[in-house]
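K.L.:
Residues per chain are reported as follows:
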Amino acid sequence: MTYAPEVRERLETDAKEIIGRYPKPRSALLPLLHLVQSEDGYVSDDGQEFCAEMLGLSKAEVVGVATFYTMYKRKPSGEYNVGVCINALCAVMGGDQIWSELSEHAGVGHDETTEDGKITLERLECNAACDFAPVMMVNWEFFDNQTPDSAKQLVDDLRAGKEVVPTRGPGRLCSFKEASRVLAGFPDGLAGDGPAASGPSLEGLKIAKANGWEAPAGDEGSVNDR
Amino acid sequence: MTQLTPVLTKNWDLPNAFTVDGYGEYAAAKKALSTDPDAIIQMVKDSGLRGRGGAGFPTGMKWGFIPQNDGKPHYLVVNADESEPGTCKDIPLMMANPHSLVEGVIITAYAIRANYAFIYVRGEVLHVIRRVQAAVREAYEKGYLGSDIFGSGYDLEVVVHSGAGAYICGEETALLDSLEGYRGQPRLKPPFPAVAGLYASPTVVNNVESIASVPSIVTNGADWFAGMGTEKSKGFGIFSLSGHVTRPGQYEAPLGITLRELLDLAGGIREGHELKFWTPGGSSTPIFTAEHLDVPLDFESVGAKGSMLGTRALQIFDDTTCVVRAVLRWTEFYAHESCGKCTPCREGTFWLKQVLKRLEKGQGTEDDLTTITDIADNILGRSFCALGDGATSPIHSSVKHFREEYLKHFEIGGCPFDPAASTVWGKA
Chain A
20 MTYAPEVRER LETDAKEIIG RYPKPRSALL PLLHLVQSED GYVSDDGQEF
70 CAEMLGLSKA EVVGVATFYT MYKRKPSGEY NVGVCINALC AVMGGDQIWS
120 ELSEHAGVGH DETTEDGKIT LERLECNAAC DFAPVMMVNW EFFDNQTPDS
170 AKQLVDDLRA GKEVVPTRGP GRLCSFKEAS RVLAGFPDGL AGDGPAASGP
220 SLEGLKIAKA NGWEAPAGDE GSVNDR
Chain B
2 MTQLTPVLTK NWDLPNAFTV DGYGEYAAAK KALSTDPDAI IQMVKDSGLR
52 GRGGAGFPTG MKWGFIPQND GKPHYLVVNA DESEPGTCKD IPLMMANPHS
102 LVEGVIITAY AIRANYAFIY VRGEVLHVIR RVQAAVREAY EKGYLGSDIF
152 GSGYDLEVVV HSGAGAYICG EETALLDSLE GYRGQPRLKP PFPAVAGLYA
202 SPTVVNNVES IASVPSIVTN GADWFAGMGT EKSKGFGIFS LSGHVTRPGQ
252 YEAPLGITLR ELLDLAGGIR EGHELKFWTP GGSSTPIFTA EHLDVPLDFE
302 SVGAKGSMLG TRALQIFDDT TCVVRAVLRW TEFYAHESCG KCTPCREGTF
352 WLKQVLKRLE KGQGTEDDLT TITDIADNIL GRSFCALGDG ATSPIHSSVK
402 HFREEYLKHF EIGGCPFDPA ASTVWGKA
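Taken in order, these protein sequences are the chains called A and B. Take the first sequence: its letter number 128 is residue 147 in my numbering, and every next letter is one higher. Take the second sequence: its letter number 132 is residue 133 in my numbering, and every next letter is one higher.
Note that these hints are calculated values from the structure, not bench results. Treat each hint with caution, since some may be false.
[Said to hold, decoys possible] Stretch-level coverage of chain B by chain A, calculated; a stretch enters the list once three of its residues show a Cβ under 8 Å from a Cβ in chain A:
hint: 1; stretch: 49–55
hint: 2; stretch: 80–91
hint: 3; stretch: 130–136
hint: 4; stretch: 143–153
hint: 5; stretch: 356–367
Keep in mind it's a predicted model, so treat the numbers as computed, not measured. Note that beta-carbon positions come from the ideal geometry of N, C-alpha and C, so glycine has one too.
Produce the entire structure from the sequences given, and follow the hints as far as they go.
P.N.:
Structural data, given as structure tokens:
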């Protein structure tokens with residue numbers, strides 16, 4: 020099958036905007052693949068064909084790129100991509116236990132989707148939030164400082180359609196397709212949600228303030244006047 | 002006692018730190034754009050700023066390598082693909098203070114005579130991407146980006162580009178291939194990006210924290226920056242403490258602070274335990290032990306003790322942690338992330354993983370220790386990029402410091418540690 024004409028037209032408009040951002044069209048391939056995921060929930064055959072046509076590439080060239088990157092799903096996946104960091108630090112801090120309990124609880128393994136189509140589980144490598152370990156990500160939003168129980172509750176809530184809010188992020192959780200559209204470079208207006216920083220991110224600053232520590236003054240007075 | 006020096010983290014506790022209102026009106030960029038670009042390069046050279054992405058190459062010198070009046074477009078590419086295990090500084094920096102990065106981009110692009118800049122952010126951090134997108138958009142709205150910025154006649158376009166999940170794209174030439182729409186695989190150097198980078202044009206690739214530090218240097222002067230830190234490792238940097246520490250988090254301090262000092266600030270190792278091993282700068286930097294608590298965390302001192310300052314990603318593990326398990330996990334990571342281009346890395350990391358799995362289960366022999374160090378020797382220095390080299394760091398350093406612990410696994414036919422004890426909720 021191919022995209023319905025109205026879908027195709029909409030995707031083409033978006034694709035042209037993406038391509039227009041770059042000095043050379045091929046640079047648009049990664050965002051275009053995110054765009055395809057925002058439509059189909061994965062990198063579909065039609066989607067790869069579409070990227071190839073938009074960029075004047077062969078489909079093989081597109082597939083070659085799509086298969087290199089782990090964020091591109093090769094098959095239809097869940098509305099919520101639930102990842103558990105199992106890199107050394109998070110694993111040691113409890114990520115391993117979270118993964119094994121969560122996987123058993125949900126009844127699916129790595130890169131598998133629950134029957135209701137809600138949850139795809141994924142073993143994640145380091146997601147750059149180590150001071151919040153153990154870390155989970157849902158549709159690439161941060162769910163910090165997890166425990167086996169909080170992880171199971173999170174998945175239960177997602178499957179039950181209850182409201183779930185990231186620990187550092189917007190006031191609502193986007194679907195995988197919505198998230199993919201932001202990655203393609205189409206903002207969703209949620210950037211202003213949530214604090215600038217919280218928890219461990221502020222530990223050093225808190226101590227500096229409590230002690231009255233500042234960086235030295237510079238040429239134009241204190242750097243802290245900024 | 003070394004004091005913390007919040008500069009990049011200074012405004013993080015403001016609720017609107019990620020907006021121009023919470024950051025400031027780009028006074029440094031305005032000042033820079035009325036200055037000769039070569040003077041900006043000289044200023045950054047004089048400041049002693051070295052790359053904050055791990056390698057520590059002098060930033061101003063890198064800029065100086067860009068050929069001028071060559072008739073080619075120049076590009077600035079910000080490496081915001083923070084993925085090195087343990088490294089978690091650029092992500093909160095872009096979440097809380099993206100305008101420091103955008104302002105740094107303007108100054109840097111102006112200095113190297115680039116009219117196009119890209120911020121390549123790893124894709125797995127949606128809210129961070131939103132914040133960077135919004136900061137760039139706000140900068141356009143304020144006239145800090147686009148054409149004739151501050152009436153200087155200088156034009157700059159900035160594109161926020163999301164990656165798609167590949168650690169290797171943190172390697173600068175792999176990042177460039179990825180940004181060109183290819184599989185992210187490293188290029189053979191030379192030519193270096195300064196000569197043939199993005200679209201085969203002269204390109205500077207800098208880490209987020211490096212670029213974000215530039216506005217403060219322009220505002221306060223090279224001497225101000227050079228007045229902090231140590232003789233050859235100048236300035237401040239964000240130190241990221243994670244793991245078995247009472248208060249993990251981000252601590253911005255002069256280079257040369259020690260882990261002992263940082264642990265004092267962070268409340269020490271979690272109660273009832275002691276430090277066993279730690280990484281000074283991510284998993285690719287050889288592990289240290291308690292004997293290294295007083296090593297100044299600067300490029301030279303850490304190097305002299307056999308490791309690397311890297312990204313100042315201080316992953317702290319206490320006495321409940323099995324070092325073999327941690328090394329296995331890192332090794333699985335490198336095997337997973339090896340791009341497959343170079344045989345020693347692709348095959349070597351694969352085999353390291355197999356042997357380590359056996360070792361951790363206590364099913365190995367002492368000969369296996371020779372095997373893994375042999376494999377590591379055959380990866381080190383034999384691949385295009387540093388991923389393979391990085392994979393050998395945990396192997397060599399753990400066998401060096403914890404040989405007995407490996408042997409213990411064979412003796413008792415399993416792991417001598419209880420993984421439950423090392424968890425956050427584990428009770429000693």
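K.L.:
Taking the hints in turn, state whether each one holds.
P.N.:
Results of checking the hints against the structure:
1. 49–55: violated (count 0)
2. 80–91: Held - the stretch 80–91 of chain B has 8 residues with a Cβ nearer than 8 Å to chain A, which meets the minimum of three.
3. 130–136: holds (count 5)
4. 143–153: Since 0 is below three, the answer is violated.
5. 356–367: violated (count 0)
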